[in-house]
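Residue numbers (this note's numbering), protein chains in the order written: chain A, 1204 to 1298; chain B, 110 to 287.
Check each hint, because a few of them may be wrong.
[What the hints assert, rightly or not] Output of the computed footprint for chain B on chain A, the stretches with three or more beta carbons under 8 Å from beta carbons of chain B:
no., segment
1, 1225-1238
2, 1262-1273
3, 1283-1294
In case anyone wonders, no lab produced these hints; they're calculated from the structure.
Yeah, the Cβ is synthetic: ideal placement off N, Cα and C, and Gly gets one too.
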Amino acid sequence: MAGLDPLIHAPTRLQLVTTLSAVSEAEFATVRAALDVSDSVLSKHVSALVEAGYLHSRKGVHAGRRTTWIGLTPAGRKALHEHVAALRRVIDAVE
Amino acid sequence: MESRRDPLTAADDARRRLTAGLRLPTGFSPALATGVAVQVGAAAYGIAAQTATGVAVALAGVAVFLGVAALLLHRFSRINGVRVDGLASQVVLAAGARASVAYLGALAVGIVAAFGSRWWLVAVAAVAAGVGCALGVRRWWHDYRHDPAAHARGASPRVLAVLAVVACLGCAALLVLG
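Required output: the full structure, derived from the provided sequences and hints.
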């Protein structure tokens, strides 16, 4: 399907990048709670999207403990925008 | 029909779960208003004094404001587990149109008043600047909660730090050369 991005088409990945579009960076546990997924699932998706250049991640500190902060890159934001537009076109065509 | 929108709805719901829990730290607006008021009052005094002491007072005002801003943004990040550059831009740069007008207008009034040694008016202008900026951030926060994706972006912490250094150097240069 033209315009749909296979890297963020999976529901959890779409939720991940959509959630991150609301902030500049979010702490790993905060995102995990918003998505209601396990550490390992989130970690796997974050790694894949970091490798694709859609997310950036860095080690940091939150509430006195070491953690990972993640955020959308400009490429990730653009990919999300284009994917959602394509998804809406598909839905409109079906309807 | 609704089920076909599920991927987008689920994604929006996840984003809503994150943003619905975001809170400004307790005392955010009064602290920001105080920081801005101190900075404007110090700048007005410093510019009018045109002495080395004036430069020191103006720079101290900037330092107080930046310290308050950094503390507020750190507390926001600590209690929410997120960083929002749009908020940082609103706090440090008074990026909203109304906040900018309130800040620049009050600063101008404060400077003119300081040259005339009308210190009560300097105080009024400083408080007006603080209240204007705090209300501007509140307004932005309301808009952000309504549409977070459209308002999340802003100057990065690195850019804000560079701008703060440039502002301090510019302020010092103007006062020294003037």
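Status of each hint after checking the structure:
1. Only when three residues or more bring their CB closer than 8 Å to a CB of chain B does the claim for the segment 1225-1238 of chain A stand; here the count is 12, and the claim holds.
2. With a cut-off of 8 Å between beta carbons, the segment 1262-1273 of chain A has 3 residues touching chain B; three or more are needed, and the interface restraint holds.
3. Chain B is given as covering the segment 1283-1294 of chain A, and this holds because 4 residues of the stretch bring a CB closer than 8 Å to a CB of that chain, at least three being needed.
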